[in-house]
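Asks: Got chain U; can you put chain P on it based on the hints?
Each chain, letter by letter, is given below.
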Amino acid sequence: MRGLLALAAVVALAPLALANNYHYEIAILVGLNAIVCVGLNLLIGYAGQVSLGHAGFFGIGAYGSAILAARYGWPPLASLAAATAAAALLAWIVGRPILRLRGHYLAMATLGLGIIISIVVTTEDRYTGGPDGMSVPPLALAGFALAGERAWYWLVGLLLVATVWLSLNLIDSPVGRALRALHGSEVAAEVAGIDSARHKLLAFVLSAAIAALAGALTAHYAGFITPGKVGFLHSIELVVMVVFGGMASTFGAVVGAAVLTALPQLLTVFKEYEMVVFGGVMMLTMIFMPKGLVPTLAALAGRRR
Amino acid sequence: MSASLAQFLLSGLTVGAIYALVALGFSIIYNASHVINFAQGEFVMIGGMATASLLGAGLPLAPAALGAVALATLIGMALARFAVQPARGASVVTLIIITIGAAILLRGLASIVWDKRIHALPAFSGDQPINVAGATLAPQSLWVIGVTALAVAALWGFFNRTLTGKAILAVSHNRLAAQLVGISVQRVLLVSFALSAALGALAGILIGPITFTSWDVGLLLGLKGFAAAILGGMGSGPGAVVGGLTLGLLESLGAGYLSSAYKDAIAFIVMLAVLMLMPGGLLGGRATERV
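Sequence lines, in order, name chains U and P.
For the first sequence, our numbering assigns the number 1 to the initial residue and increments by one for each residue that follows.
For the second sequence, our numbering assigns the number 306 to the initial residue and increments by one for each residue that follows.
Next up, chain U with everything else stripped away, as it sits in the complex (with noise of 0.2 Å):
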């Protein structure tokens, strides 16, 4: 709870640091990147199920509610609910077969369901716009459309604050538990009586569900939406936010996606540089520091004491 605490002051104070319009954006681009991360940590750090597909998700969040308020006029919050309820529903779907995979076998079938995706929305250009892209409605209830960086920083910062607060209460409940038992081994967690398939699922689908929730709300918020937002690149660089924060550490994953959404506005100056500069730091996270910086900082700071 202290933790919790601690980052909804952070969230309350940071305005405070903001200077102006172009600070609130970074800051709110790294409120809906956390939030993704928060629960593809659920997924990855808890569960032990690695997913390279989740920017999928994240796109059928995105596009869905795009289409469904921009294509059919539907109102953007029925739009957004749909849309994630679209993408938990696909997850749940594709999630009963795809999560008797495991290790590699299983980071390929969701890479392959989030390439399968990514080809779709950019082929099917008459609802999405293809490469190019399509623009999106501006987020509204009853009329009021939520307009300004600072309305939405409150509202994503508001929803971060919830989406911690719903996975540190989830990993200290029995379901919390019962995944972290089958990330040690499958086999003594169902021994022990756990349905491993039936909690793998479950993460699976809840991971997907705010990965689609935040697409959407990205979506809505920027006004614009490419196919770049649901490709492989995207979903490595949502996974490597969780595992350079930490893995199994639900602020480790808010760390790891403000530091890697925030560094590359700052690194603007490198542009030509910036694959090289994001490969290696990936390459060499990994290699010195496997278990993530937020872990890895405890463990330094225990060692201290």
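One or more hints might be untrue.
[Unchecked claim] Lysine to any residue pairs mimicking SDA-like chemistry, simulated, CA-CA at most 20 Å apart: (1) P:568 - U:124; (2) P:421 - U:272; (3) P:421 - U:276; (4) U:271 - P:418.
[Unchecked claim] Pulled from the structure, derived: some chain U residues nowhere near chain P, Cβ distances all over 10 Å: (5) 78; (6) 90; (7) 302.
[As the list claims (entries may be wrong)] Stretch-level coverage of chain U by chain P, calculated; a stretch enters the list once three of its residues show a Cβ under 8 Å from a Cβ in chain P: (8) 41-53; (9) 105-114; (10) 236-242.
It is worth saying that the hints were derived from the structure and are not from the lab.
Backbone N, C-alpha and C fix where the C-beta goes; we use that ideal spot for every residue, glycine too.
Replies: For chain P alone, kept in the frame of chain U given last:
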């Protein structure tokens, strides 16, 4: 046989041969170390791009191609020595991220060292098409299929007739036992990465005149090669060849008769279906689980 069917089969076999080479690279590294090397596709890119740049510098084709293969081999060995070996025993996610990081790094370097343009390699022996059963066959296709066949034969000889090849097989069967009889696992890792990189570069050079090459071709080629390896059965050499050719044919027939827009999705749909229905692949053994 209708001319269009013959055309689809020929182009399917050509592309399939390339997938087979990439899939072989995946299988060799997987056997030696149980690592899936996501940077495999980048070796294909390096092969094509390095050849293009050496040709641009005025070298004839053969030395340029040799230089490109040598460069990719060195990079592959560096990857094994400085990125994979220090992380031995790490979890699957860790190794996946290390090799994906390497792939992104190599792509970034390629776009800086060379450029972001699309390059076409010249066909090895002219562009005069050959007529086969009403379909036209580019001479380059014969090069692709012929050189792939030679490479596969050479690999078979390497794994069955040489001590180093047998050492790699031994490590893939039982690492500890191999170490006990004096096989250096580190050297096996190095050799397997070198071999895979060389195969990838070879694929990139062969396909360069047909599909062109650029700094970002590695991702899709690598992933499709992986799909081929899964289809044939991960870790199986004959499986990689069969998987590659099958995938090439399915893709070409699917693009011809079903939908050309979804051509690139076919490999991944096949891969998902194989993973869900028969995870061992066409020629892979049934996996047993040790507790």
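Asks: A separate judgement is required for each hint: does it hold in the structure or not?
Replies: Consistency of the hints with the structure:
1. A hinted pair counts as satisfied when its Cα atoms are at most 20 Å apart, and residue 568 of chain P with residue 124 of chain U qualifies at roughly 14 Å.
2. Restraint check for residue 421 of chain P and residue 272 of chain U: the C-alpha separation of about 11 Å stays at or below 20 Å, so the hint holds.
3. Proximity of residue 421 of chain P to residue 276 of chain U is assessed by CA-CA distance (about 14 Å); at most 20 Å being required, the pair is judged to hold.
4. Among the hinted pairs, residue 271 of chain U with residue 418 of chain P is consistent with the structure: their alpha-carbon atoms are about 15 Å apart, no more than 20 Å.
5. Non-interface status of residue 78 of chain U relative to chain P is upheld: no Cβ of that chain comes within 10 Å, the nearest being about 30 Å off.
6. With a least beta-carbon separation of about 13 Å from chain P, residue 90 of chain U lies farther than 10 Å from that chain, consistent with its non-interface assignment.
7. With a least CB separation of 22 Å from chain P, residue 302 of chain U remains clear of the 10 Å interface cut-off, as annotated.
8. For the segment 41-53 of chain U, the assignment as covered by chain P holds, since 3 residues bring a beta-carbon within under 8 Å of that chain's beta-carbons and 3 suffice.
9. Counting residues of the segment 105-114 of chain U whose CB lies closer than 8 Å to any CB of chain P gives 7, so the stated coverage by that chain holds, three being the minimum.
10. Interface restraint, the segment 236-242 of chain U with chain P: holds (3 residues with C-beta to C-beta distance below 8 Å; minimum three).
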